[in-house]
Structure formats: structure tokens, C-alpha cells
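**Q** Please model the complete structure; the sequences and the hints are all you need to start from.
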Amino acid sequence: MEIVVKNLLFEYDRHFSLDISNFTVRNGEIVSLMGPNGAGKTTFLLLLSLQIKPRAGEIYYDNKLPACSRDILNLRRRISAVFQKDYLFNGTVFDNVAYPLKIRGFGNSEIKRKVCNYLELFGVGHLAGKRVRELSSGQSKRVCLARSLVYSPEVIFFDEPTSLIDFGTKEEILSDLKKAIGHVKASAVFVTQDKTEAFLMSDRLVFMNGGRILEEGTPEDISFRPMSVEAATFFGKDNLLSGQVAEKEKDLIKIRIKNQVVFGVGDADPGDEVLVMLSPENVVLSKSIDENSQSARNVIYCDVLDIKDVGSIVQVELLCGFRLRASITRISAEMLDLRPGGRVTASFKASAVHVIKRG
Amino acid sequence: MELLFNGIKAAIGLIVSLNGGFLEILSLTLVLVLISTFISTFIGLPVGVLIAINRFKARNFLLALVNAGMGLPPVVVGLFYSILLWRSGPLGFLNILYTPYAIVLGQVTISLPIIMGLTCSAVQGIDPGYRLQARALGANRVQEVIKAVAEARLGYFAALIAGFGSIISEVGSVLMLGGNIRGQTRVMTTAIVLETKKGNFELAISLGIVLLLLTFAASYLGTWLQQGRAQGVPKWR
Numbered sequence: 003m004e005i006v007v008k009n010l011l012f013e014y015d016r017h018f019s020l021d022i023s024n025f026t027v028r029n030g031e032i033v034s035l036m037g038p039n040g041a042g043k044t045t046f047l048l049l050l051s052l053q054i055k056p057r058a059g060e061i062y063y064d065n066k067l068p069a070c071s072r073d074i075l076n077l078r079r080r081i082s083a084v085f086q087k088d089y090l091f092n093g094t095v096f097d098n099v100a101y102p103l104k105i106r107g108f109g110n111s112e113i114k115r116k117v118c119n120y121l122e123l124f125g126v127g128h129l130a131g132k133r134v135r136e137l138s139s140g141q142s143k144r145v146c147l148a149r150s151l152v153y154s155p156e157v158i159f160f161d162e163p164t165s166l167i168d169f170g171t172k173e174e175i176l177s178d179l180k181k182a183i184g185h186v187k188a189s190a191v192f193v194t195q196d197k198t199e200a201f202l203m204s205d206r207l208v209f210m211n212g213g214r215i216l217e218e219g220t221p222e223d224i225s226f227r228p229m230s231v232e233a234a235t236f237f238g239k240d241n242l243l244s245g246q247v248a249e250k251e252k253d254l255i256k257i258r259i260k261n262q263v264v265f266g267v268g269d270a271d272p273g274d275e276v277l278v279m280l281s282p283e284n285v286v287l288s289k290s291i292d293e294n295s296q297s298a299r300n301v302i303y304c305d306v307l308d309i310k311d312v313g314s315i316v317q318v319e320l321l322c323g324f325r326l327r328a329s330i331t332r333i334s335a336e337m338l339d340l341r342p343g344g345r346v347t348a349s350f351k352a353s354a355v356h357v358i359k360r361g
Numbered sequence: 342m343e344l345l346f347n348g349i350k351a352a353i354g355l356i357v358s359l360n361g362g363f364l365e366i367l368s369l370t371l372v373l374v375l376i377s378t379f380i381s382t383f384i385g386l387p388v389g390v391l392i393a394i395n396r397f398k399a400r401n402f403l404l405a406l407v408n409a410g411m412g413l414p415p416v417v418v419g420l421f422y423s424i425l426l427w428r429s430g431p432l433g434f435l436n437i438l439y440t441p442y443a444i445v446l447g448q449v450t451i452s453l454p455i456i457m458g459l460t461c462s463a464v465q466g467i468d469p470g471y472r473l474q475a476r477a478l479g480a481n482r483v484q485e486v487i488k489a490v491a492e493a494r495l496g497y498f499a500a501l502i503a504g505f506g507s508i509i510s511e512v513g514s515v516l517m518l519g520g521n522i523r524g525q526t527r528v529m530t531t532a533i534v535l536e537t538k539k540g541n542f543e544l545a546i547s548l549g550i551v552l553l554l555l556t557f558a559a560s561y562l563g564t565w566l567q568q569g570r571a572q573g574v575p576k577w578r
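Chains A and B, in that order, are what the protein sequence lines are.
The opening residue of the first sequence carries number 3 in the numbering used here; numbering runs sequentially from there.
The opening residue of the second sequence carries number 342 in the numbering used here; numbering runs sequentially from there.
Some clues are possibly wrong.
What the hints assert, rightly or not - Heads up, incomplete: computed chain A residues facing chain B, CB under 7 Å, no partners named:
hint, residue
1, A69
2, R72
3, I74
4, L75
5, R78
6, Y89
7, P102
Unchecked claim - Away from chain A, derived, C-beta distances all over 10 Å, residues of chain B:
hint, residue
8, I349
9, R396
10, N401
11, L425
12, Y439
13, G470
14, Y471
15, L473
16, R476
17, E492
18, Q525
19, T564
As the list claims (entries may be wrong) - Computed far set for chain B versus chain A, every beta-carbon distance over 10 Å:
hint, residue
20, L345
21, K350
22, A351
23, I384
24, L413
25, L478
26, R527
27, Q567
Derived by calculation from the structure, the hints in this document are not laboratory data.
From the three backbone atoms N, C-alpha and C, an ideal C-beta is built for every residue, glycine too.
**A** Okay, structure coming up:
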């Protein structure tokens, strides 16, 4: 199903307004909506899924505008929504997955066949007779997803569906979900705060803030090369630095950040105030200037402030006139023998430094 | 103390002997309370649900009335219906004063707001997400309400138990509307009042104990049905 939004307006008690001038979900496309809390993502999702009525504007579903309550009910029966909480109804797993089929008037044998198929698709076929309160959170989410797809909806809306699931289970569930969405050939809209989820699931990422869409593009473009300060602030929490352009030579920009100079690429002119975004994975640490650091345009001596062990990678907090964060492997950290108070060389390529003009 | 002990002994005797007069009082008590609870539930449950799920102008006023009704003094109910049903009263033509019908009328008036009010609270306590989820799965308005309302079933049992409890032990309106006529309108509570007045404490105590056992048994049944479905915190083993 294709969804086209035009000049959509919605207000909550005059404190919050959603204003979407143009938005499209193409047939079979998976779109993720990202943005900070209060950006209006969930409200937008509720509007798209016909749960709440807009104050103004149009939402076309396959080029048709729902005109009456019958149209809305008929459309609702072609779409599906999954929320953060599972909202499994009292009863067994089978009862829950059978519910949307029952209200659509499917026959008993058809219901049994479809329910079993979808439970198997999500790896919970053996739980059909179990009461929902006896399920683990991962099993519960799988049942919830099977229920939302069992009637082959044409578009599915997900509001942070895996936010309450542990990391390992989350990846498994998302992988099964992607297969299932492909199986029913549905379009999908995800509201998520999780970059991994957006990268894994979506063809296109939409960044929202203050009830408006600020940017759209591939997940990679929006999260690593955002155009707006708001998106840069959201995606580049780790290394987002304020500076001023000192010189410009073709695409290469020399930026002054406090008492340091950093080279980057972007569209800004000398004198412009800019934000500099640098992914911690792109910062290479070494004990001295070696071959790797020589090929990089930016080489800075830093003091090690702190070392955080976050599993397979280690986050190193550095001070080099400004604060910088680097993410390195555990082995690299051990080889460098990093300790707070020690000195280290940080190097990164100019192409890894994304520059965004302020205001 | 001796009086209480003798009362307990007499109560056991009464239950074991299944004395005809006692059985008559017991069965009438149960029949009237069950009929009244059924009527109150039949009206109170759907009306409570409707008040909870709908938004209309007089909703708050109606809720205030229901909540006030939950504390309605039975004697006032008895007085009100006595005036209405009195031979010269506006409803005197019905000729039901001092009959079981009048008792049921009073009991329904007492238990109805309790069942209605508690049902309303139970439904309002349901996470609105259940309704939203049912709607998102394609339910129409009626289907979505039914699905969401089913999630508050524990609350309905509580409403039922409270409604039953409010009338089985009630004496004011039963006495005023039934008149405590032997074989016709004498129930456990009015019999206790009568036996106490006559100084027949042993019988009064034994009836009281049987009434307490009856109330407990009914509440236990309701609680068992309710808690059988309740989700508990896992035990520390």
C-alpha cells in the first residue's frame, strides 16, 4: 500500500503541534522515523494508522482519501500496528493470534492454519496453547508480531517495537520480522530511537523534531552526514564540536575548535560558525605518529581522561583542547596500554569529519 | 462468653438439624439476595462500562451520583420506598409493601450503585492501549470495547462480591420494606433483630454465626473465582 501525506496538521492542547507538509511511504518500502523524545513520531504514527483524526490535511491510502467511518474501518482492516507494550489479551497465545482473523470472519480451519503458520514463522509454534501471562518478554513480543501480521496487512506501523527487549533477542526478532514483512509484501513504518534497528530494518530514514520532518534519506546519510543541526545533535552525541571555519580550499575546510585546528569536508565558508561531527569509530589511537596516523589529515596529541569498557569495544575519553571520544577494540586498548592520565596520539581523516553550517 | 459459646453450639445444632423454620429463613435470604445481586449486576455492569468508556456532558454528575449511592444508608432507602409504596403513596397501587418484591427493590437500590461504581473504576483502570491495540488489529467500536473491557474481569468480581456483601448483611431496608413476616419476608438479619428483642440470644447468635458463615462462603467463592485468574508475584524459593 502507498501512503501519501499532504499538509497534515495536529495539535495537542496547544502545547504541541505536528505539521507535516509532505510525506510518502511507497509500496513495499520500510521507513523509519527517528528523532528526540517529543518530536511527534508517535503522534504521526497514530495519525498514519488512523488511530487519531488530524485537524487538517489529507492522508491518501493507495490514492484514496477515507471519506466516512466505514472507509476508515475498511482501511484499518488492511493495516496493522504494534506498540511498545505488547498488549496481549487475556487468554492463550492461539487466542491472541486468532483474534484479528476472527473479527474478519475467517473460518475455523483457515484460522488454525494461518495462526500455526505465523507462530512458526516467529519461532513460537510450540507455545500456541500457553497462556500469555506465562510468556517471557521475547516470546511475548514474537506472539505480538505474529498477531499483527497473521492477516497479511498491506502496511504495518511499529512504535518502538523492540525497545523493551534485550540486545541479543532484539536482533533475532528483527531478523524474523524483516523476513515476515517481506513474506506478506507489506510496507512498514517504524518509530525508533535505536540506530541499529533503523539500519537493520529500513530503506529510508526520516528525522523529525518539534513536530516536523527535518531530513529524509538513507539511514547512512542521515545518521553519519546529517544536514541539520538538530539531526547532528541527535546522531552525533559522542563527538559533536562547535568551531569556526578558518580557511577553505575546494571541499577541504580548516576549522578552528578552541585552540586546535581540524580539517574536514562540508559546505561552509571562512568565518562561518559550524558543528563538527566525528564518529568515535573513525578515531585511530596510537602511541606515536605511525604509518596509519601519517595518512590521516588530522593528528592530535591527547591526554587520556577516562576509559570505559562497554563489552567488545572500549570507549576512550580524550582531552586535546576539546573533548574527543574514540571507540577502539579491546585488543587495541590492551596493546596501547591505555591508562587515565597517559598521553596518546589521535588521528582521523578529513573525510571522516562532517561539517554542518550553523543557523 | 458462655452466651457466645452456647450460641456457637446452637448454630452447629441448627445447621446439622436443618430445622424447617431455619431452612425457610436461610433459603429466602439466599433467594432474595441472589435475585437482587443478579438484577444489580445485569443493570450495573453494562451501565458502569458505558459510563467508563463514554464521554458526555453529564458524566461527572452521573459519576458523583453513583459514588454517593455507594454510601446510601439502607434505612433511608427503606424509608423512601415505604413512603412510595404505602397504600396511600404514589406507588401504593402496586400493593407490594411487606412482600419479597419490596425487599428486592430496596436491595437492588443499595447494591446497584456499588456494582456500577466499582465496574466503572475497574474499566477506567484498564490501560487504554488495549483498546488502541484492538482497534489497530481491525476491531470495530463494539469489538474494541468488548476486548478491552474483558481485561478488567478481576474488577467485575470485586464489584459483584461488594454488591452481594452490601445486601446480605443489610437489615434497615429489609425490615422496613419486608416487615419481617414469618414465612413470607423474614430473612436472617430481621430474624436476628427479632430474636434479640425477644431475649432469645442463643438463637440470635446462632443465626448471626450462620449469616457470617454464609457471607464468608459467598465472598470466598467470589474471591476464588477472581484470584484464580489473578497474576501474582513469583514466590521466593
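**Q** With reference to the structure, classify each hint as holding or not holding.
**A** Verification of the supplied hints:
Interface hint status for A:A69: violated, as the beta-carbon distance to the closest one in chain B is roughly 17 Å, over 7 Å. For A:R72, the suggested interface contact is broken, since its CB lies about 10 Å from the closest CB of chain B, more than 7 Å. The interface hint given for A:I74 is violated, since its Cβ lies 10 Å from the closest Cβ of chain B, which is over the 7 Å cut-off. Taken as an interface hint, A:L75 checks out: its beta carbon lies about 6 Å from the nearest beta carbon of chain B, inside 7 Å.
Taking 7 Å as the C-beta contact cut-off toward chain B, the hint placing A:R78 at the interface holds, the least distance being around 5 Å. The beta carbon of A:Y89 is positioned within 7 Å of a beta carbon in chain B (closest approach about 4 Å), and the interface hint is therefore held. Interface hint status for A:P102: upheld, as the beta-carbon distance to the closest one in chain B is roughly 4 Å, under 7 Å. Annotated as non-interface, B:I349 keeps its C-beta farther than 10 Å from every C-beta of chain A; the closest such distance is 42 Å.
Remark: the non-interface label on B:R396 is consistent with the geometry, its nearest Cβ contact in chain A lying 15 Å away (cut-off 10 Å). Interface exclusion of B:N401 from chain A stands, the closest Cβ pair being 19 Å apart, more than 10 Å. Residue-level check passed: B:L425 sits 43 Å from the nearest beta carbon of chain A, beyond 10 Å. No beta-carbon of chain A is positioned within 10 Å of the beta-carbon of B:Y439; the least distance is around 46 Å.
With a cut of 10 Å on Cβ distances, B:G470 falls inside the contact zone with chain A, its closest approach being about 5 Å. Some Cβ of chain A comes within 10 Å of the Cβ of B:Y471; the nearest lies about 5 Å off, and the non-interface call is violated. At the 10 Å boundary, the C-beta of B:L473 falls inside the reach of chain A, the nearest C-beta of that chain being 6 Å off. Taking the minimum C-beta to C-beta distance to chain A, about 6 Å, the non-interface status of B:R476 is violated against the 10 Å cut.
For B:E492, the requirement that its beta carbon stay farther than 10 Å from each beta carbon of chain A is not met, with the minimum near 6 Å. Here B:Q525 stays apart from chain A, with its beta-carbon at least about 45 Å from theirs, past the 10 Å limit. For B:T564, the requirement that its beta carbon stay farther than 10 Å from each beta carbon of chain A is met, with the minimum near 18 Å. Every CB of chain A is more than 10 Å from the CB of B:L345 (nearest about 45 Å), matching its label as outside the interface.
Once the 10 Å rule is applied to beta carbons, B:K350 is consistent with being away from chain A; the minimum gap is 47 Å. Residue placement check: B:A351 keeps its beta carbon more than 10 Å from all beta carbons of chain A (closest about 46 Å). Listed as outside the interface, B:I384 is consistent with that label: its C-beta sits roughly 25 Å from the nearest C-beta of chain A, beyond the 10 Å cut-off. Chain A leaves B:L413 outside its interface by the beta-carbon criterion, the shortest separation being 33 Å against a cut-off of 10 Å.
A Cβ of chain A approaches the Cβ of B:L478 within 10 Å, the least distance being about 4 Å, so the stated non-interface status is violated. Its beta-carbon lying about 43 Å from the closest one in chain A, B:R527 satisfies the requirement of being farther than 10 Å from that chain. Listed as a non-interface residue, B:Q567 keeps its Cβ farther than 10 Å from every Cβ of chain A; the least gap is roughly 13 Å.
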